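**Student:** For reference, the chains in residue letters:
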Amino acid sequence: MSDVGRQRVPLTLASLQGDRRRLRREAALRRLFLGAAALSIVISALIVLSLIREAWVFVSQVDLASLWTDGWFPRRGLYDLKTLFAGSLIVTLIAMAVASPLGLGAAVYLSEYARPRVRQALKPVIETLASIPSVVLGFFALTFISPEVVRRFAEEATLANLTAAGIGVGLLTIPLIASVAEDAMAAVPDALREASSGIGARKVTTTVKVVVPAAVSGLVAAFIIATSRAIGETMVVLIAAGASGGSLFSLDPLREGLTLTAAMATQASGTDAVVGAALTFQSLFFVGMLLFLVTFGLNLVADRFVRRVRQKY
Amino acid sequence: MPVESTTPARPDAPRLVRAPDPGEEPASGELFEVCDLSVYYGSFRAVRDVNLRIPERCITAFIGPSGCGKTTILRCFNRMNDLVETARVEGRILYHGVDLYDPAVNPVEVRRRIGMVFQKPNPFPKSIYDNVAYGPKVAGLKGDMDEMVERSLRRAALWEEVKDRLKASAMGLSGGQQQRLCIARALAVDPEVVLMDEPCSALDPIATGRIEDLMEEIKTSYTIIIVTHNMQQAARVSDQCAFFTTEVNETSDTRTGILVEFDGTEKMFSTPSDERTENYVTGRFG
Amino acid sequence: MAAVAPHPRTAELVRARLEQGKLDVAGTLFRWLLVGTLALSVGVLAVLLIDVVTGGWGVLSSRLVDFLTSADRTSAEEAGVFQGLRGTFWIGVFTVVLAFPVGIGAAIYLEEYAPRSRFTRIIDINIRNLAGVPSVVYGILGLAIFVKTLASLPDWLGGGPLTGGRTVMSGGIIIAILVLPIVIITSAEAIRAVPDSIREAGFGVGATRWEVVRSHVLPYALPGILTGTVLALARALGEAAPLILVGAVQGRLGGGPGSLVDLGQLQERFTAMPIMITNWSGEFAEGFQDELAPAAIVVLLVFVFLANGTAILLRNRYAKRR
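For the protein sequence lines, the chains are P, E and B, in the order given. The opening residue of the first sequence carries number 1 in the working numbering; numbering runs sequentially from there. The opening residue of the second sequence carries number 1 in the working numbering; numbering runs sequentially from there. The opening residue of the third sequence carries number 1 in the working numbering; numbering runs sequentially from there.
If you're looking for bench data, these hints aren't it; they were derived computationally from the structure. Every value quoted in this text rests on a predicted model; they were computed, and no experiment measured them.
Label-pair distances were calculated between CB atoms; the ranges are:
1. B:Val-93 with E:Ala-168: 57 to 63 angstroms
2. P:Ala-28 with B:Thr-54: 56 to 62 angstroms
3. E:Glu-266 with B:Thr-28: 46 to 52 angstroms
4. B:Ala-201 with E:Glu-160: 50 to 56 angstroms
5. P:Leu-251 with B:Arg-116: 47 to 53 angstroms
6. E:His-229 with B:Ala-46: 52 to 58 angstroms
7. B:Val-93 with E:Gly-175: 56 to 62 angstroms
8. B:Arg-121 with P:Gln-120: 32 to 38 angstroms
9. E:Thr-254 with P:Ala-27: 51 to 57 angstroms
10. P:Arg-115 with B:Glu-189: 25 to 31 angstroms
By construction, the Cβ of each residue, glycine as well, lies at the ideal position given by its N, Cα and C atoms.
All chains should be built: construct the whole structure from the sequences, respecting the hints.
**Tutor:** Here it is in structure tokens:
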């Protein structure tokens, strides 16, 4: 090596090791980012711990008979779980009945039929619907859906009822189903559509018999995610299903009702110390844990389906 | 038996088959007549002024370097270009004397009679049986489905290999088997014509050989038009060839595909009439 | 090869067969059905917006400024959303200050530094699960940590009976935690979309991982990251359930509005826009449900749509550039 400016000292291991300070900075930054990522585990752990700690108190001390009574009156020591499950079930069923056809239909149209410009114009509209806060939908459910839609067909419904809340939650869930389902169908390769058209299948046949079956894992994932979201929705139910009035067990969707989520919210609102019978405070955590387990389980199942979609293509 | 080439209509035009007068009945044994066909993508003309006659029940190959519009022209025969937003077709393709691009013609019906095998095998993620049965079911063909499936698989020389696992997923087959399955699927609706878009380009030589043998077998029952990059394949398999190339448009700096020569295969490869054809088949370019 | 000339009648036969089936009844019905579902969804959105705007129009057109600067009152003619605006403002601040850096940092780790190990996969699954946890459960977390645990800490650490521990801080922190998974997931996607060739170019000249990230990856991924963070912010502004559990006040607040950024307010009990909307929706006194609530909704929607619209614009410009 005879060039001017090049290192004349013979090359050693040390010269290839790099600047100490740079290396230390790299390592420190790496640890910083790792900490940020690991924080998510800390949060999960905290959620689980805080739930378990108080829920365990509840479970170990509760009088089992109080879990099957006339209604959910935690301040009086009545923790009838079936009231809450009935409420959640009814709201979720109605929500999925509303959201599934609308969301799926919109997704199929956008994915298979709409021209690119139409799709570009409509996607932001759906995303706008997705961004509406749930309190707004709760207001809408109480002041519009209930009088104009529910009570028009069923006059005996109370002002606040589970059906209106269910429809509100459904509206909230439409964009979620639409976007996940659309992604699932977009992932189906065009080669399959071509193969079907090439044999002389009409568009509707290709869509229904080739594309949808090929995307089915993603569609199932969409429904499960949407169900999980519907179960976890609080504000719409709180506003539109008349939380306190729904504490008595009832299967009537035209009356007020209480879901797992709304029960937690009404419990904790306003007062500083949750007063009442001994386990009132802990019941809150118990319901929270039930809710967490249900949604967690659903999300795990949905995740499996999403991964199956990714593997295929 | 190759078609005889006719003298050019205009001495300065590139060598091609005489363009038919409108309304004239096609000469004997000819299934397709392509008249002044041009394909546009938006305002860009991808291929221009193609005139061809495709005879019945033999193998016609479209050859030429990449980008000269062979696949574009092929896809006109079964109206697959309809599926592309910006594509526009000018000119006519007469099939049994009927213009395929007549507005009254239903493209779905066209595709039931003119089938297609694609470059990359694209079986449905269903069972082998369901793949083959899909076409007849969709077309509403009555009859014993099991028998139809077996017939198609036999014709595609795949039956012996899959007869014991018809319910297995088609995705578990090898590349060559999948392509033969796609051929079986195309044959199941009993088309008159099979279009093949570089069917062997994704396959290994052994699988390619089997498909070429298959083509020889079925050409007695079907008219085959194949697009191929592989000159040797065209020489092996086809009865006549259409050679395409691109011409550069000076003003807009784009390349438009044109048909240079259409002739019997033997003649085209031994004594081609056009210099460009000769350069291509002898390997001097492309 | 066939030697027979095609019969003139063949053309007629073929034409007849090729022209059949043009009227595809089932297919057209199906298509209109699909359009119908889309129209219904969009239509409901329109009805909702119209309903809310017409309901709140009276208040907004007659006394907008007063509405935005007044405190909540018992009389509908004088009540305003100022306290809600302030609470929502601080929630936004906490989200930006806490969730954005931590979320982007976590995304950087996951996409740039993390090896393909079990630990990384666990973190990934974990984040996805957290994204699906109902907001009310985050509220419980807040209740457990801030209200109960911190309340028992000594005074100087921020604990003690500081209004029972319920402060805008706990609400802000919990909502920041709630949107953290969203920030992580969208930022990670944006970083993943950066082509490897860009990284290789950086490494090729001897840059370290962080230098490559800082000068090549992040600038390229910035629009996508911004989109994700703005979406997260829009979500944060609209959340109510966690605030209820952490003790946002339902009902009337005493005291005057104060200024928007008066830090002393940080320690008071507080409320936010979504909470005020909830209260007013259920309030049967004259004017609250039919006028004030929709007016407050319009104000909130302005912010949420602004944030969302910005995210969409960013994404469009980002897509065009590539």
